[in-house]
Amino acid sequence: MNSTSSSPADRIVFEDVSKFYGEILGVNRVNLSIPPGITSLVGPNGSGKTTLMNLMTGLVRPTRGRIQILNYRTDEPEKLFKILGYSTQFDSFPKGLTGFQFIYSYLRLAGRDAANAEQLAWRAIERVNLTEAAKRNVAGYSKGMRQRIRLAQALAHDPKVLVLDEPLNGLDPLARAEMIALFSEAAERGCHVIISSHILHEVDAISDQVILLSNGYVVAEGQIHNVRSEIQEHPTQILIRCTRPREVAAKMVESEATIEVSIHNDEKGLLVKTRDPDRFYLALNVLAVTGIEIESVAPADDDVLSVYEYLIGNEEVIR
Amino acid sequence: MIALWRDQIKSVVRLESKKTFFARRGLWIYVLAVLPILLFIGKAIVESSLHNRSVRMLQQSEKPLTYQDLLAVKSGMTREEVIALLGKPPLSSHWSGRRSHGQDVVPPVQHENFEYSDGENVLFVNLSDGKVDIIQIREAYNLGDESIMFAGVFQFFFLRLAVFFGCLGIFMNLFRGEILDRSLHFYFLAPIRREVLLAGKFLAGLLATCVIFVTSEVLQTVALLWPLTPRLRDLYLYHNHGLEHALVYVGVTVLASIGYGAFFLVAGMLFRNPLLPAAAILIWEAVNPFLPALLKQFSVIYYLKSLCPVDVPAANGTPPLLALLVSNPDPVSPPVAILGVMVVALIALYVSSVQVRRLEINYTTE
Chain E
49 MNSTSSSPAD RIVFEDVSKF YGEILGVNRV NLSIPPGITS LVGPNGSGKT TLMNLMTGLV
109 RPTRGRIQIL NYRTDEPEKL FKILGYSTQF DSFPKGLTGF QFIYSYLRLA GRDAANAEQL
169 AWRAIERVNL TEAAKRNVAG YSKGMRQRIR LAQALAHDPK VLVLDEPLNG LDPLARAEMI
229 ALFSEAAERG CHVIISSHIL HEVDAISDQV ILLSNGYVVA EGQIHNVRSE IQEHPTQILI
289 RCTRPREVAA KMVESEATIE VSIHNDEKGL LVKTRDPDRF YLALNVLAVT GIEIESVAPA
349 DDDVLSVYEY LIGNEEVIR
Chain B
6 MIALWRDQIK SVVRLESKKT FFARRGLWIY VLAVLPILLF IGKAIVESSL HNRSVRMLQQ
66 SEKPLTYQDL LAVKSGMTRE EVIALLGKPP LSSHWSGRRS HGQDVVPPVQ HENFEYSDGE
126 NVLFVNLSDG KVDIIQIREA YNLGDESIMF AGVFQFFFLR LAVFFGCLGI FMNLFRGEIL
186 DRSLHFYFLA PIRREVLLAG KFLAGLLATC VIFVTSEVLQ TVALLWPLTP RLRDLYLYHN
246 HGLEHALVYV GVTVLASIGY GAFFLVAGML FRNPLLPAAA ILIWEAVNPF LPALLKQFSV
306 IYYLKSLCPV DVPAANGTPP LLALLVSNPD PVSPPVAILG VMVVALIALY VSSVQVRRLE
366 INYTTE
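Chains as they are written, first to last, in the working numbering: chain E, 49 to 367; chain B, 6 to 371.
Hints were generated in silico from the structure; no laboratory data involved.
Check the hints yourself; a few may be wrong.
Claimed, not checked - Computed from the model, here is a short list of chain B residues facing chain E with C-beta under 10 Å:
(1) L9
(2) S16
(3) V17
(4) L63
(5) K68
(6) E183
(7) H190
(8) A195
(9) P196
Unchecked claim - Partial chain B-side listing against chain E, Cβ under 10 Å, derived:
(10) R199
(11) V359
(12) R362
(13) Y368
Just so it is clear, CB atoms sit at the ideal spot from N, CA and C, and this is done for glycine as well.
This is chain B alone, in the form it adopts within the complex (with noise of 0.2 Å):
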């Protein structure tokens, strides 16, 4: 028996694939997948013009510098003493600014900007009246920025919107597309458990999502590593847990994907209009963190958050409750989380087999 259900499943998944993976209506989740990426590699295309500048720069100066050597100037050097120690500025820029003190006539002020580089790291030096005023270094790579700008966009774009609604898209039109279709009787007319049907339903989904998703996620951290030198990207792989995070992400991926498809698999069972549980669900995912501590644990987004490798800080003056949103003040453990995605799901599941014993075809009144 068990061997028919699975070879029953895998026909469904085969038929279900075809159609989730190629269906027209489905792409505009192929664009929710696609935005991140397009947002890495735009700023990687960003990263490796400056870094270019960067290199170029190192070429103009009068003698290979350093960090420690870019670290070296200090406010209130003089201007010849910056050349003494970096050289001539491959870039440098001077203006005058006049001042006014009281009723006294004060003669301009003499700006200079001198920009230095060790081919990675820019320092920007003012000086004023000869004399180092103020001091910047762009740092390259800021690899713990870097981790918390990939948490960001992970939980606030891809996890809240591009899964839940590539989810809601995909699996929510497993009935319902095919009501709408008229072409559901195909299945129901096979000799086939309804809830073996509901199975490879939702692992064709599941499949779905996942391919897309993770792809995504993985093409998301090859952009993100894309403009880093060599060096950097082993630091931030193999010394800076950035592997472990991307591995991470991934499963987080796919747990969601197991916990709004089910979610979205009911309610395209029991509701003819999409919007309604999309926007109920959507309104229930954003308040979980003003719940109380039992009602937090029916929602995916409270586990998942607990499953993110890399807090996202609030930043100052962020009001409290917009903080709550950001912050997760109360996070499960990664194997209770991975369990309560999991219960979640089956609940969801369960109730869709109840539900699609009793679907019954009747398209007139779709």
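Bound conformation, chain E alone (with noise of 0.2 Å):
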């Protein structure tokens, strides 16, 4: 994630970042450079990744270190908060206010005039679909709808950069799609979306870039591909769709790059375990030239479960 495709002034960076609770850690001496596009931050409760969006959106001081969110600093929230939207994982709400008043009083508060923040609260609650329900008052919405409304707030001024802690807790399978959809969009957008998550095959399926947690450190960062590569001692898992597996299996073995190979139960595949993944596609290529029907070829642990998996354990998550 230290790409130089794009300058500072794009970038949320971390530079040794760490932030205690008295004696507690939150993360320690965390360093990032957060490029456009979905980011996930991953790991178990207490990793720190609340921590995390906290001290990027200010609402905690780091212990040490600096943090800069596309050239703007975390203490000046009149200006940060003008880029970035913030959805929380805290489940309340100002007393007696309707999902409309809500988010209308919201961008009030940032200065806007009576008619702006009303025409920009009804689209962001369009955005979410909640609109029949946006003139009941948010104590009586359900986890869901809370969670939308929260969202809805987050995107209601169109900002650079979203910060959604775990923004699809909550939400049935429909909704789901659809915020993923909207996050995907605002990342098409050229937008910076940090969502964290424990459900990683949601994350897996929209993240340019990973980022794993695990007891308040970094473990790994970056495109999961990239990750992945980086972990030697796990040997990279391929799964090989074919009409003559055993044929394939036998050539397979044949290379020095090859650690281990097992036909699957249909008997039209194999999966490969190698540690030297190039050689292993040119071994493939190779065959592929010997006439033998190869349907598919897919990498079966470059991504971000298995990749956790290999880090961190897979404790607390949700497949």
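Please assemble the complex out of the two chains, which come individually in their own frames, going by the hints.
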């Protein structure tokens, strides 16, 4: 994630950031440079995901280090929140407000005039499909509705940076799909979308990059594929679907790059473990020209889940 | 930028006012504000019923009486002289009482009580053996006494307890209440300077305390004036500084809200438990008369007492230490007093502004 494809002004930068709550570690010695796109923070409870997000948004101050959000400082909320929207995990709201008033008041606080605030509030509410419930008191909302109204608040002013703490919690599958589409759309527009989640398969599907956290430390960061390729102690697993798996297996075993081969139960594929994927793919090309029909070749552990399991273990992870 | 801050402050005030005025946990503040009104309404009802009794007595009198007529009765006058002067009493009673005079047997004393009224004031005449023994006039309204009573209620209940604890309830909750409700992050996620947020919250608290306590103050004055006749009301308001005093009391109430409000705002950010700072500030304010001159100036009550238009005299026999609490031996001039409250409030608000910038959202530790 330290690529130089974009300038520091387009990045979220953590420089040697630590946060301690008294003697309790929040995060320690975090160095990050996050480019635009969807970035997922992945880690078990207590790993520091929310602390990292709260640091990013100035809700807590770092004990040490410096944070820069597209060249904005986190201790200047009057500037920072013009370009940043944060959907927190805090499930409480100012008392007595309807969903509409919640968004409208937020926009008025931001200094928008009444007409503009009303227009933006309705647009945000429509984006999260909450129009019908907008005039109801937030206190009577279901968990999923409260999640959506928080997302609407974060999205309402079209921020360049969206920080979303467990944004899919409490949402039904349809709503999840809609929200994921919203995040992807924002990322395509060049926004930074920072998402924390335990739900790895969803994160895996939408993330451009991941930050893996454990016990307050960043244990890996970058694009999933790059992170995976850096994990040397676990061989890469590749799934090959073909008509004559045993024949392919025999050829693969001859290759020095291959560590282990197993035939799939349906006899229509095989799983190959290799420490040198590049040599493996060369060998496979040679095999392909001999006339064996190969339907598909796909990495079997080049995803967040596998990377997470290799680096952190599988506790508290929802697949 | 100023226009933006003004709009943001207005938004904060709108949001906060709704919460402050209608919060269920703030109901007791209304009770504090209503108590002195009830006291004056009760007094007005009693005085009104006494006034009606006086009017009935005047109607039952043989001839119309004036206050001068009532004053004409002197000690030693005979029963007949009193009746000749004022007519047959509308209310009278008699009884006989024994008296011992050493070993001698003395005939019982014949007592009579006459009551006369000019429609407002009541004359009590006690006759013993047909001669005026005791004369007492209960004046319907003594405007001086009324002023002192009002000043006593204002200084010792309204200012030191009602406004003090009202400000505690409202201003301490502006931040602390939202931390306990876990909703402060709503403000902290908006593009608004923390100092502007603080100003908005302070003004919302001030609006609430001023509306509640100034309304109470005005209603107390109305209740005080209610039983007065129009003539006495005019006399009190326009010739006895009544209107001027009422306006000064309103001003002192507003200043008290500013001073105590600023104190409790900062206390709400520095302390988790409001009882500790409340007790500390209450004690600090109470011991103010005993503090050295320099320390006295860091108190709100010191300036407010100087601004109160009527001094409450200490009753005879009041211990000197207690008398110090009542009196204000070294008052400052009104401009200095107003400036003093403002400076104390500004210092507290400055500390609050530093604190609000440092404030973190960490609900789990609360």
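Restraint check, 10 Å cut-off on beta carbons, for A195 (chain B) near chain E: Hint on A195 (chain B): holds, closest Cβ of chain E at ~4 Å, below 10 Å.
Interface hint for S16 (chain B), Cβ within 10 Å of any Cβ on chain E: holds, 4 Å
Holds or violated: is there a CB of chain E closer than 10 Å to the CB of L63 (chain B)? violated, 57 Å
Given a cut of 10 Å on the nearest C-beta pair, is the interface hint for H190 (chain B) held or broken against chain E? holds, 6 Å
Closest C-beta approach of L9 (chain B) to chain E relative to 10 Å, hint status: Holds, because the Cβ-Cβ distance from L9 (chain B) to chain E comes to roughly 5 Å (cut-off 10 Å).
Should the hint that V359 (chain B) touches chain E count as held when the rule is a Cβ pair under 10 Å? violated, 13 Å
At a threshold of 10 Å, is the proposed contact between E183 (chain B) and chain E supported by beta-carbon distances? holds, 8 Å
Taking the closest Cβ pair, is K68 (chain B) under 10 Å from chain E? This interface hint is violated because 67 Å lies over the 10 Å limit.
Supplied contact hint for R199 (chain B), tested at 10 Å Cβ to chain E: holds, 7 Å
Are Y368 (chain B) and chain E close enough, Cβ to Cβ, to be under 10 Å, as the hint says? holds, 7 Å
Chain E contact restraint for P196 (chain B) - C-beta distance below 10 Å: holds, 4 Å
Restraint outcome when V17 (chain B) is required to lie within 10 Å of chain E by C-beta distance: Status holds, d = 7 Å.
Against the hints set out earlier in the document, violations occur for numbers 4, 5, 11.
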